[in-house]
Amino acid sequence: MWRFKRDSAQTAFRQQAIALADSLHSFARYLSGADSDADDLVQETYARAFAATTQFTPGSNLKAWLYRILRNLYIDRRRRLNVSPVSDLSADDAELQPGDGTTNFDANAVTSADVESAIMALPESSRLIVLLDLEGLSESETAAVLDCPLGTVKSRLFRARSALRVLLKDYAPARSLHGL
Amino acid sequence: MDCRNAQLLFSDAEHGRLDADVMAERQRHLAACTPCSRVTERERELTQVLDRRLPSYPAPLALKLQLETRWLMASEPSRSRPPWRAIFGPVTIAATLALALAVGFRLGQRTTRADSGGKTSMAMEAVNDHLRLLDGETPLQVLASDLHQVKPWFAGKLDFAPPLSFKGDSDYPLVGGEVSRFLEQRVAHFVFARRLHKISLFVLPVRGGSSAGEREPVLGNRPALADISRGFAVVGWQSGEFAYLLVSDVNPADLLDLGQRIQSAR
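The listed protein sequences derive, respectively, from chains A and B.
So the first sequence is residues 1 to 180, counted in the numbering used here.
So the second sequence is residues 1001 to 1266, counted in the numbering used here.
The hints are simulated quantities; they were obtained by calculation from the structure and are not laboratory data.
Where a beta carbon is used, it is the ideal one built from N, C-alpha and C, also for glycine.
Possibly wrong hints are sitting among the right ones.
Stated by the list, open to error - These stretches of chain B come out as covered by chain A in the derived footprint (C-beta under 8 Å, 3 or more residues):
#	segment
1	1005–1011
2	1048–1058
Stated by the list, open to error - Calculated from the model, a selection of chain A residues having no Cβ within reach of chain B, i.e. all distances over 12 Å:
#	residue
3	54
4	56
5	58
6	59
7	60
8	68
9	72
10	76
11	77
12	78
13	144
14	147
15	148
16	149
17	170
Kindly produce the complete structure, drawing on both the sequences and the hints.
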């Protein structure tokens, strides 16, 4: 009976986790930029997560926990491949061009491709902050996923979104100039 | 509340994460501060654009199926429940059906001649033939990992030359082959391995024409999961004049993967 309960709980947990595969895959895709890498990252994430189920705190955000595992795997992979390290928020500061706070874009002129290009043009950690915010993760959950200080998430989100507006403003006029 | 805080709290406010008093204080600030009110409008507009236009990249169906079969089927308590419950969990069924619809498999929709007179479906036939292989009472008629040894061996034993270019690889090494009887005809039966599992590949000619049509398989032109029977998955597809059927107890996603490798090697 005890074993049955344990198995049922395990199955239920796995079902909840696997139900998040779409979100996880999209997150991985925006992190790595490639479908095949996203597939691998998602597979590895579940393998890692199900091997460490006891580390999950019941009642906490399962999606945030899986995101964190996925990002850590991505960092490990980058290290193994000896490619440039993942940027952190302080490194993003040098790259972000947040504008003066009043910049805006024509929402009717931007396309999906514009939005994706703008997101991918953001420095990595800033990109993830914007995506995690869209997913509804709280400041503390985002800080846990990115392994960064809690106090910095809010201001970096604001700067990242501001930079996004600058990028989107640049895209739409550029396209109209080319008659597209 | 100053302008900076009012703007920084935008996301928390939109997601309903602010305490009521902080929320009210921010609202009062926005009502009195035109620049902050405009910033909030712009932020909302950006959120709408991101929600509506940012492409999402959901997990491919094959990946979902792989996850479900690996992690959900494996976690079912195998001894305390009937085997079919472990195989046909609700999620797996949904994924299988979805996959089948997505790729348009048609194996099993039409019955074989054996079906019309009995109960044996084509998938069951494939599984039965695979089981005979696993019985191991008679060794494979040709044991070789080199396709150039296995294919010529069929010459003179079949009335067709089985079109197969996939030589096996480190994931799915070729083990050998034999002639099997399948749907009352002699077919090429190749055997591959996946770790400790054996995989049968049946290659059989699909003869056109109404006279023979009733007994021929009707398959899609891409490898697709056709059935899961007694714990064995069957993947089938048709290419030109030939039908291909893969059978094994490996993960169905692996079987699909092998099918795609075989097809793309042609």
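Say whether it holds or is violated: residue 144 (chain A) keeps its Cβ farther than 12 Å from all Cβ of chain B. Residue 144 (chain A) clear of chain B: closest Cβ-Cβ about 16 Å, beyond 12 Å.
Minimum Cβ-Cβ distance from residue 148 (chain A) to chain B exceeds 12 Å: holds (16 Å)
Minimum Cβ separation between residue 68 (chain A) and chain B greater than 12 Å? holds (18 Å)
Residue 58 (chain A) and chain B, when compared Cβ to Cβ, separated by more than 12 Å: holds (18 Å)
Is the Cβ of residue 78 (chain A) farther than 12 Å from every Cβ of chain B? holds (20 Å)
With 12 Å as the threshold, tell me whether residue 60 (chain A) passes as away from chain B on beta-carbon distances. holds (16 Å)
Decide, holds or violated, for the assertion that all CB atoms of chain B are farther than 12 Å from the CB of residue 72 (chain A). holds (19 Å)
Please confirm whether residue 147 (chain A) is truly not at the interface, meaning its C-beta sits more than 12 Å away from all C-beta atoms of chain B. holds (20 Å)
Within 8 Å of chain A's CB atoms, at least three CB atoms from the segment 1005–1011 of chain B: coverage verdict: holds (count 5)
Does the no-contact call for residue 76 (chain A) survive, Cβ to all of chain B over 12 Å? At about 20 Å from chain B, residue 76 (chain A) clears the 12 Å cut-off, so the statement holds.
Establish whether the coverage given for the segment 1048–1058 of chain B by chain A is satisfied; the threshold is a Cβ-Cβ distance below 8 Å, and no fewer than three residues must meet it. holds (count 10)
Quick one: work out the minimum CB distance from residue 149 (chain A) to chain B and report holds if it exceeds 12 Å, violated otherwise. Holds, because the least Cβ-Cβ distance between residue 149 (chain A) and chain B comes to about 15 Å, which exceeds 12 Å.
Consistency with the previously given hints is maintained throughout, with no hint failing.
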